[in-house]
Amino acid sequence: MTQKTKPTKLSVKNFNLFYGNFQALQEVSIDIPTHRITAIIGPSGCGKSTFLRSFNRMNDLIPNVKTKGQILIDSHNLYDLDIVALRKRVGMVFQRPNPFPKSIFDNVAFGPRAHGVRDKLKLQEIVEHSLRGAALWEEVKDILDKSGLALSGGQQQRLCIARALAVEPEVILMDEPASALDPVATLRIEELMQTLKEHYTIVIVTHNMQQAARASDYTAFFNMAENRAGYLVEHGSTNQLFVNPKEKLTEDYITGRFG
Amino acid sequence: MQLEITTENLAYQKTVQKIAFGGLWLCGVLVLMMLAWVVGYVLIQGGQVIDLKFLTTKPAGGVSGEGGMSTTIVTTIYLVTLTISLATPLGVGAAIYLTEYAAEAQKENRLLAILLQISRAGVETLAGVPSIIFGLFGFALFVSFMKFKFSLLSAGLSGACLILPVIIRTSEEALLTVPRAYREGSLALGATKWQTIWQVVLPAAMPGVVTGIILSVGRIIAETAVFWVTLGGSYRLPKDVFSSGRTMSLHVYSLATETRAFDKAMGTAFVLIITIVILNLSITYLSRHLAARSMGKN
Ligand SMILES: Nc1ncnc2c1ncn2[C@@H]1O[C@H](COP(=O)(O)OP(=O)(O)OP(=O)(O)O)[C@@H](O)[C@H]1O
Ligand SMILES: [Mg+2]
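Residue numbers (our numbering), protein chains in the order written: chain E, 3 to 261; chain H, 19 to 316.
No lab work stands behind these hints: they were computed from the structure. Just to be clear, a hint being listed does not mean it is correct.
[Stated by the list, open to error] Think about it this way: if two alpha-carbon atoms lie no more than 25 Å apart in a straight line, the pair counts; the simulated PhoX-like pairs of lysine-lysine are:
#: 1; chain 1: E; residue 1: K248; chain 2: E; residue 2: K15
#: 2; chain 1: H; residue 1: K211; chain 2: E; residue 2: K68
#: 3; chain 1: E; residue 1: K122; chain 2: E; residue 2: K148
#: 4; chain 1: H; residue 1: K125; chain 2: E; residue 2: K68
#: 5; chain 1: E; residue 1: K8; chain 2: E; residue 2: K199
#: 6; chain 1: H; residue 1: K76; chain 2: H; residue 2: K257
#: 7; chain 1: E; residue 1: K122; chain 2: E; residue 2: K143
#: 8; chain 1: H; residue 1: K125; chain 2: E; residue 2: K70
#: 9; chain 1: H; residue 1: K165; chain 2: H; residue 2: K257
[Unchecked claim] Cβ-Cβ distance ranges computed for the label pairs, FRET-style:
#: 10; chain 1: H; residue 1: N298; chain 2: E; residue 2: N23; range: 44 to 54 Å
#: 11; chain 1: H; residue 1: M51; chain 2: E; residue 2: V186; range: 56 to 66 Å
#: 12; chain 1: H; residue 1: F260; chain 2: E; residue 2: G22; range: 55 to 65 Å
#: 13; chain 1: E; residue 1: N246; chain 2: H; residue 2: Q135; range: 53 to 63 Å
#: 14; chain 1: H; residue 1: T210; chain 2: E; residue 2: G22; range: 19 to 29 Å
#: 15; chain 1: H; residue 1: P197; chain 2: E; residue 2: D76; range: 25 to 35 Å
#: 16; chain 1: E; residue 1: T197; chain 2: H; residue 2: G140; range: 54 to 64 Å
#: 17; chain 1: E; residue 1: S31; chain 2: H; residue 2: E126; range: 24 to 34 Å
#: 18; chain 1: E; residue 1: G22; chain 2: H; residue 2: L130; range: 13 to 23 Å
#: 19; chain 1: E; residue 1: N23; chain 2: H; residue 2: T210; range: 28 to 38 Å
[Claimed, not checked] Every beta carbon over 12 Å from chain E, so not counted as near; a handful from chain H, in silico:
#: 20; residue: G40
#: 21; residue: Y96
#: 22; residue: S103
Source: prediction; values computed, not measured. All C-beta atoms, glycine included, are put in the ideal place defined by N, C-alpha and C.
Using the sequences and the accompanying hints, generate a full structural model.
Here's what the structure looks like:
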């Protein structure tokens, strides 16, 4: 398969994360390929969100978080990068759509403005381009000055994707981006991911096994150890993991026998 | 034990409820009547004095209390503007520091944590201190020690001290209600903490902050004690911030205590009450309007 030849975008090496004394992630090692969709699945509380939030150092906001091991982006250590520069390269879409209480335009222009784009024309261009990229342009092109909160849940989530695209990231992290949406809106997000992966590396956390099977190229299965620390059970191409899992645990999980 | 519902018992419970409701109703009506009486008295008495001439002529001074109230309206506006522009940046800034920075820093630094606790308690206490204490403080510091004399400046600084606790507390509450998701969304886009505060958190907290400011405006307009000992009481129009002056409240007080013009005190009180009512209505309107806008109804 051609997928195998894709270079690594994010490389995680023996990564551990502690909330105070509680170990949330234990010795995780995985390579995430460029321009592919990698799904992270596992039972609730096994550290999926924690793991995802490690890629843009969102966990740094929480006091007493300690990490051990490395995460490399294009073979540079995350912690050697400036946090603003890192977050510009690694964007995030949250579980609950969280547009700012600002106009649709200002929501999308927020990132570019924060990074110093002042030119009005340039901003308009970025906003249109990003909204098109998030498959939202046709629906909102006439109401750009309306509040982002006036949109439907699915539209809000695509607005948040557009907002992330506007800073031209390399990686997009998505934490259960469709869990608050209805099936139609969910499907739109999944379709959107397929077009986005041509230009972006996508890592998505999902609770929904069908979604992982449908929408991702690679899947990583996490589980909780005895001490409740999350660890990586196995990972591989989505096809292989769902059709022919190496571990008994994985099979039990994807067939719904636990979790 | 068997729980029995007897008709007797039901009737008893209903009677108790009726008596309780009756009592509560009486409380409500009494309070409303008292309020209506006070406000009505002032409005009726004052209304007879009010006309365009009264509003636009200067007070003439003297024991007869001749003249109108024009300069006191202007002085009130001056003082409110000065006080608010001194206290708002300071108060909102302090609130931002307390909610956005100190909360984190104090987890690392025990001394800071203790200092913060003391200053929080201080703010709480200050909010409950009788205003004349602020007046005495302002008199000692600004009027005497710093030699600003009785002036708009002394009064503005003392007034700012008086309303700072209000502004800090309301702003702090407003900032704390801003959802975490907004902050995370902004930081995840690579915005700095400062950009996040300035462009996302503060605008989202605006309705609360504005409410605090309007409450403070009301407080300044209504205040007499502090300004009695810091603003002096000259009924002339202040020339600059070093001039003495007289607000509407002070005018009411002076007229009522030093002159025979009790009717003019009532007239001035009329204007005061109307101003306060308008301020309160604007709080209701603004907070609804702003909240609606941030909810996307606009
Ligand atoms: N801020 C925090 N402080 C302390 N412990 C935390 C914090 N956030 C998460 N945890 C703990 O870390 C573990 C992993 O949490 P995480 O949210 O990453 O799980 P998850 O796999 O995303 O779960 P879910 O599927 O329910 O979203 C849980 O045991 C959780 O209680
Ligand atoms: Mg989660």
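Going through the hints against the structure:
Between K248(E) and K15(E), the direct Cα distance comes to roughly 21 Å. Compliance with the 25 Å bound is thereby established for this hinted pair. Simply put, K211(H) and K68(E) have alpha-carbon atoms about 21 Å apart, close enough for the 25 Å limit, and the pair holds. At most 25 Å may separate the alpha-carbon atoms for a hinted pair to count; K122(E) and K148(E) meet this at roughly 18 Å. At roughly 15 Å between alpha-carbon atoms, K125(H) and K68(E) fall within 25 Å of each other, so this suggested pair holds.
For the proposed pair K8(E) and K199(E), the alpha carbon gap of about 12 Å is at most 25 Å, so the pair holds. Distance check on the hinted pair: K76(H) and K257(H) sit about 15 Å apart at the alpha-carbon level, within 25 Å; holds. Between K122(E) and K143(E) the alpha-carbon distance is near 17 Å, which keeps this suggested pair within the 25 Å criterion. Taken as a hint, the K125(H) and K70(E) pair is honoured in the structure, with Cα atoms around 22 Å apart against an allowance of 25 Å.
With a C-alpha separation of about 18 Å, the suggested pairing of K165(H) with K257(H) holds against the 25 Å cut-off. For N298(H) paired with N23(E), a C-beta distance near 51 Å keeps the hint of 44 to 54 Å intact. For M51(H) and V186(E), the hinted distance range of 56 to 66 Å is satisfied, since their beta carbons lie about 59 Å from each other. Between F260(H) and G22(E) the CB atoms are about 57 Å apart, so this pair conforms to the stated range of 55 to 65 Å.
Taking 53 to 63 Å as the suggested C-beta distance range, the pair N246(E) and Q135(H) conforms, at roughly 60 Å. The hinted window of 19 to 29 Å between T210(H) and G22(E) holds, with their beta carbons roughly 27 Å apart. A C-beta distance of roughly 33 Å is found between P197(H) and D76(E), which places it inside the suggested range of 25 to 35 Å. Between T197(E) and G140(H) the beta carbons are some 57 Å apart, a value that agrees with the proposed interval 54 to 64 Å.
Remark: the range hint 24 to 34 Å for S31(E) to E126(H) is upheld by a beta-carbon distance near 31 Å. Distance hint for G22(E) and L130(H): a CB-CB separation of about 20 Å, consistent with the stated range 13 to 23 Å. A hinted range of 28 to 38 Å for the beta carbons of N23(E) and T210(H) is consistent with their spacing of about 31 Å. Distance check on G40(H): its Cβ is at least 46 Å (rounded) from any Cβ of chain E, clearing the 12 Å threshold; non-interface status holds.
No Cβ of chain E approaches the Cβ of Y96(H) within 12 Å, the least distance being about 35 Å, so the stated non-interface status holds. With a least beta-carbon separation of about 26 Å from chain E, S103(H) lies farther than 12 Å from that chain, consistent with its non-interface assignment.
Against the hints set out earlier in the document, no violation occurs for any number.
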